[in-house]
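Asker: Chains A and B, in that order, give the protein sequences.
480 is the number of the first residue of the first sequence in our numbering; add one for each residue after it.
249 is the number of the first residue of the second sequence in our numbering; add one for each residue after it.
Because the hints were derived from the structure by calculation, they are not lab data.
Where hints are given, some of them may not hold.
Derived DSSO-like pairs (lysine-lysine); straight-line CA-CA distance at most 30 Å [to be verified]:
1) B/K431 x A/K539
2) B/K290 x A/K538
3) B/K290 x B/K273
4) A/K803 x A/K539
5) B/K290 x A/K764
6) B/K290 x A/K755
7) B/K431 x A/K538
8) B/K290 x A/K539
9) A/K764 x B/K431
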Amino acid sequence: MATPTTDGKPSHDVHGGLPIPRRAANRPVPSAELLRGWYRELVLIREFEIRCMQAYQDKKIGGFCHVYIGQEAVAVGCVAALKPQDPLVTAYRDHGHALARGMTARACMAEMFGRVDGCAKGKGGSMHMFDREHNLFGGHGIVGAQTPLGAGLAFATKYEDEVINNGKSSRVTLCFLGDGALNQGAFHEALNLAGLMNLPVIFVVENNGYSMGTSIHRGTTQSHDLSSKALGYGIDSAVIDGMNLLEVYHGMKDVVEKCRRESRPAFVDMRCYRYKGHSMSDPRKYRTRDEEELWEQGDPIGIFEKFILDQGAITHDQIKALQKEVKAEVRDAVDFADNSPVPPMSDLYHDVYREPWGRYTGTSEPRMYGGAVNPPTFRATREGDGLI
Amino acid sequence: MSATQELEFRDAIRDAMSEEMRRDKRVMLMGEEVAEYNGAYKVSRGMLDEFGPRRIIDTPISESGFAGMAIGAAMLGLRPVVEFMSWSFSLVAADPILNNAPKMLFMSGGQFGCPIVFRGNDGAGGQLGSTHSWSVEGLFSNVPGIKIVIPSTPADAKGLMKTAIRDDDPVFFLESERLLGMKGEVPVGEDVLVKFGQACVRREGTDCTIASWGRPVHFCMEAAEALAKEGISCEVLDLRTIRPLDIGAIERSVRKTSNLVIVDQSWSFGSPGSEVAAQIHQRCFDDLDNHVHRVHTEDVPAPYAFNLEQEYLPNTRKICEAVRSATYNA
Ligand SMILES: Cc1ncc(C[n+]2csc(CCOP(=O)(O)OP(=O)(O)O)c2C)c(N)n1
Ligand SMILES: [Mg+2]
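This is chain B alone, in the form it adopts within the complex (with noise of 0.2 Å):
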C-alpha cells in the first residue's frame, strides 16, 4: 500500500487539478471567482498564487459564454477545467455543455474531440431552495458522449478527478456541497488514479446489495449499520461514475444477495436509479427474489423549508425502509 494523507474533500480536488497542471501546461482553470476569491467554496485556495492569473482565470458570471469557449479551446488541444459554482447554474450554459461538447467527436467524424472537465457542486441539502437544488445527474445521464463522475470520498475525489482531466472526453465532475468539508485518507502520489468505470465495494454483505454513488452513499452506509442490527445484512455498492457504469459489478452482488436497492438523489422518472433497475431486471431476472426497489428525491421540485427539504431527500430512514421491503422484513 502507498502512504496516505489525510485531506479535505475540497483539497483533495484541489490537489488533484494541481498535480494535473503542472505535469501539463495545456491544463487550465476557468469559472466565476476561482482565482481572487480563492473559489466560492474555497476548493480552488491558493491555485492562483501557484499558477498565476493566465491558468487560473476568473470568468464573469457568463456560463454559456465561458463554457462554450472552454468547448472551443478544447478542441483546439487545451484541456480546460471549468467550475460552475453550482451545477444549478450550468443549466444557462445547456447548449455548449450537452449540444456542443459531447457531440463533437462524433459529428465531426472524429476529427475534433474535447478533452475538458466541468466540476462543481451538484445535490440539495443546504435549504438554497428549487432553483439552487439540482442533481444533474437525472437530466444530463441521458446524453451520450458525457462521463458522469461523483465521487462520495476525498480519495475518490482526488482520483477521479485526475482521470478526468486526463480523459479525452468531456467529463462531468459532479461534487456535493455537503462533502466538501469531508476529511479522509488519501493515497499520495502523482499517478494514483481511480479509473471509470468500476464500482467500489464499501461493506460486503449477504441479504441485500445498496447501489449508490455520491453524497448518499453515506446514508447507505448508515442505513446498513442500521439494520445489520435487525439481522439484515447489507451490501454497499458504490458506482463512483454512472457513465460509464460498472454494472456488471451490481449484477455480481445482485447474484449473491437476490435483492437490490438503489438510490440516487435525483428524481425518479427516466433517472440513473431507473436505467440500474432496468438492467438488473433484465440480466438479473432469475436472480432476483423480488422486483429493484428505488429510494429517490421526492418527485416534486426542492422546497426551502428545512423540515421538507429533509424529507425530499433520501434518507438513511427512507433506505432502511425499502432494505426491508425488498427483503420482505418489513
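So here's chain A without its partners, still in its complex pose (with noise of 0.2 Å):
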C-alpha cells in the first residue's frame, strides 16, 4: 500500500494510511499578502529550528530539544484557520506552533537558552513554551498530557460563553498531539469526555509516521484508518495533508467552522513526515535514507513556494529579500538569547505558588543549605505580620 504524496508520486508506506482527500484546488486562491505571510512564518520556523539544532551543538540549549523541521505547514496552517481568541495546545515538540501563533523568535529562543527573557523565564525550556497573550497554553513534555486539557479548555470557552455570558459558544481549541499519543489512555478519555460533552474542541494527530523509533503501524491499531478511534467516541474526522499549507488551511478552515458552529467536537488524521530525528540524539536507524528522500521532494516549503510563484504571488527576488530578512530575524534571536541574563537565583522560589503567604521561602527545614535563597523560614507568614 502506497500513499500518495503531494505530488501524486507514491512515497514508502509510512502511515499506511488510506488516501487523503484533496480540496484546496477548488477554493478561491487567498489574497497574496495572506499568501506572503504564510510563506515567511514557514521559512522563519524552519530556520528557528535550524539555529536551534546549532546552537544545541554549542551546548547553548540543554535538555531535549525536537524539532518541527518538515511539519512546518501543519502549525501555519491550522494557526491560519483559526482566530486569535481560540486557545491552543500541544505537545513538546511546539517551537513551531509558539511561532505561528506570534511568539516572538527572541522570546522563544530566550526559554530554549534559559534565560530571563524566555516566554517562561526560562524555566520552562524546549518542551514548555507558553504564552497567554497568543492563547498558547503550553507545549506539553509527558505524551498524551495536553489530550485532557485540550478538553477542559474547549469546555471552559463553552462556559464562559453560555453560561456565564448566556451566549453562543464561539471559541474552538485546537489540541495538537502526536501519533504515539494515540496509544496513551488520556486521551482516549478526553476524546469520550469531548464527545459526551459536546466540547468545541479538534484533536489534531500531527500523524508524522514515527513515536520516536517506533513506527505507526508497530504501536497503534487502525493505523491505516484513524478516523476509526474517533468513531468510537461518536467524533467526526477529517484526512488532511500536512505536507502542503492550503490543503491543511482549507481542510482545518472546514473542520474548524463546524466545530464552531456546531459547537462539537472533531478528529485530524494531520499526515505529515518530521525530517530530523525524534530529538537531536537519534540516529534514525529504524528508518532507510530511502525514505527520507522521497519525503524531502514533497517539502511542504518548496510546494508553497512554487505555488506561490506560480501565482505570481511573489516574486524570486521577494524571496531572496524575504529569507534575508527572516535570517537576520532568527540571528537577531541567537544574539538576543545569548545575551540575555541568566535567571537570578531567586527566581527558583518564585512562581511556585501565587504567594497568598507572602514570598515562598520552602517547607519544613530548619535551614536549606542553599544559598538559593536567603535563608528561608518556615513560618507561613502573611505579608506584613514582620515575621519574616
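Hints are included, so try docking the two chains, each in its own frame, into the full complex.
Answerer: Written as C-alpha cells, this is what we have:
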C-alpha cells in the first residue's frame, strides 16, 4: 500500500493510510498578502529550528530538543484557520506552534537558552512553551498530557460563553498531539469526554508516522484509518495532507467552522513527516535514507514556494529578500538569547505559588543549605506581619 | 575475592537482566523502545538479538496499559521487568504501580504475589524541566508493599538488579541517567547478588556521618574529600535501598560520629530523608551532638535553566555547608 505524496508520487509506506482527499484545488486562492505572510512563517520556523540545532550542538541549549522541520505547514496552516482568541495546546515539539501563534523568535529562543527573557523566564525550556497573550496553553512534555487539557479548555470557553455570558459558544480549541499519543489512556478518556459533553475541541494528530523509533503500525492499531478511533467516541474526522499548506488551511477551515458552528469535537489525521531525528540524539536507524529522500521531495516549503510563485503572489527577488530578512531575524534572536541574563537565583522560589502568604521560602527544613535564597523562614507568614 | 570486569553502569544492568533471563524463562522485558531501538538510553542493547521479540517486547506509549498488563502477568507467575523510559512517565501509570502491584499480596490474603521489577531513569540533572525531572523515591517510599532500590555504582546496579528480579515482591529500581555512562569494576559471576537492606560504607570517618543513596552519593564522596582537607572526617554511607532501609547501619555510624547529614535528591517534605531523620532522632537522641541535618532538592518544581537547576539539586557545596553546620564548624 502506497501513500500518495502531495505531488502524486508514491512514497514509502510510512502511514499505511487511506488516500488523502484534496480540497484546495476548487477553493478561492487567499490574497497574495496572506500567502506571503504564511510563506514567511514557514521559512521562519525552518530557520529557527536550524539555528536551534546549531545552538544545541554548541551547548547553548540543554535538555531535550525536538525540532519541527518538515511539519511547518501543519502549525502555520492550522493557526491560519483559527481566530486569535481560540485556545491552542500542544505537545513538546512546540517551537513551530509558538512561532506560528505569534510568539517572537526572541522570546522563544531565550527560553531555549534558559534565560530570563524567555517566554517562561527560562524555567520551562524547549518542551514547555507557554504564551498567555497568544492563547498558547503550553507545550507539554508528557505524551498525551495535553489531550484532557484540550478538552478542558474547550469546556471553559463554552462555559464562559454560554453559562457566564448567556451567549453562544464562539471559540474552538485546537489540541495537537503526536501519533504516539494515540496510545495513551488520557487521549481516549479525553475523546470520550469531549464527545459526551459536546466540547468544541479539535484533536489534530500530527501523524508523522513515528513515535521515536516506533513506526505507527508497530504501535497503533487501525493505523491505516485513524478515523476509526474517533468513530468509537462519536466524533467526526478528517484526513488532511500536512505537507501542503493550502490543504492544511482549507481542510482545517472546514473542520474549524463546523466545530464552531455545532460546538462539537472533531478529530484530524494530519499526515506529515519529521525530517530530523526524534530529538537531538537520534541516529534514525529505524528508517531508510531512501524514505527520507522521498519525503524531502515533498518539502512543504518547496511546495508552497512553487505555488505562490506560480500564482504570481511573490517574485524570486522578493523570496530572496524575505529569506535574508528571516535569517537576520533569527540571528538577532540568537544574539538576544545569548545576551539575555541567566535567571537570578531568587527566581527558583518564584511562581511556586501565587504567594498568598508572602514570598514562598521553602518547607519545614530548619535551614536549607542552598543560598539559592536567603535563609528561609518556616512559618507561613502573611505579608506585613513582620515575621519574615 | 572473585574476579571483576570493568563495565558501564548501563551494561551492568543489562548483564544482570540477561543473566537472569538465561536462568529463568519466566523473566521477560517490556517497555517503550526496549527492543528494536535497544532502549532509549541503550540499557537493553543487544537483548533483542539474544532473546527475540517474544521476550524483549516493544510497547506503545501506554504506560498505564503495559504496567497493568505486566502486573497481571506477574500474578499468573511470570517475572516481568518493565522499563519506564523515565520514572517521570510512570506517573500516568500510578494506579497499576501504586494501587495494584503493592497491594495484591495483602488484599488477596497472600494468594497472589507480584514478582515484578519496574525500572528506569530517575532524578533531575539533565535540564529536562519540571515534567521530566522527578525523583520518585520521595513519593513512592510512602507506599508499603514496594521495595525501592537506588544503586550508585555499576557493581551495585548489577547485584541489586539480580536480587530484584529474583525477589518475589514488586521492586522499583531507580537508575540515574547521569550515571549510566559511569564505568566501574563489577564482580563476574551468575550468582553475585547484593542483598536488599544492607548499606555500604563508602568511606570511613569519625566526625560526621553522611547518609545518601543513588547519584548524590558521589557528591557526598567529593564533599568528604574536601572536608578532610579542613580536618573534618566524614563517614559516607550508601544505603542502596530505601525500602528496606538499613537504619541499623546509620545508627551504628551515628553512635560513632555523633552527627548526621542526610543527602536526598527528592523534595524534603515527607521524604526518605525526613523518615531517616525522624528515626535517627528517636534511636540516637542521646548520641547526637546536633540535630540531624538534611540536604534535599529545593522545594520547587525542577527549573529548566542550567544555573537554576544546578542550584536546585543537592550538590557538593551544599553538603559541605551542612556538614560544617552540623559539626559546629560553620
Ligand atoms: C507518558 C510519556 N511516556 C514516554 C515519553 C517519552 N517520549 C517523549 S516523545 C515520545 C514519542 C512520541 O511520539 P509522537 O507522539 O508520535 O510525537 P512526535 O515525536 O512524533 O512529534 C516518547 C516515547 C513521554 N514524554 N511521556
Ligand atoms: Mg509521531
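Asker: Run every hint past the structure and note whether it holds.
Answerer: Here's how the hints hold up against the structure:
1. B/K431 x A/K539: Holds, at roughly 27 Å.
2. B/K290 x A/K538: Within the cut-off at roughly 22 Å; holds.
3. B/K290 x B/K273: Holds, at roughly 23 Å.
4. A/K803 x A/K539: Satisfied, since the Cα-Cα distance of roughly 24 Å is no more than 30 Å.
5. B/K290 x A/K764: holds (13 Å)
6. B/K290 x A/K755: The hint holds at about 20 Å.
7. B/K431 x A/K538: holds (24 Å)
8. B/K290 x A/K539: holds (25 Å)
9. A/K764 x B/K431: holds (26 Å)
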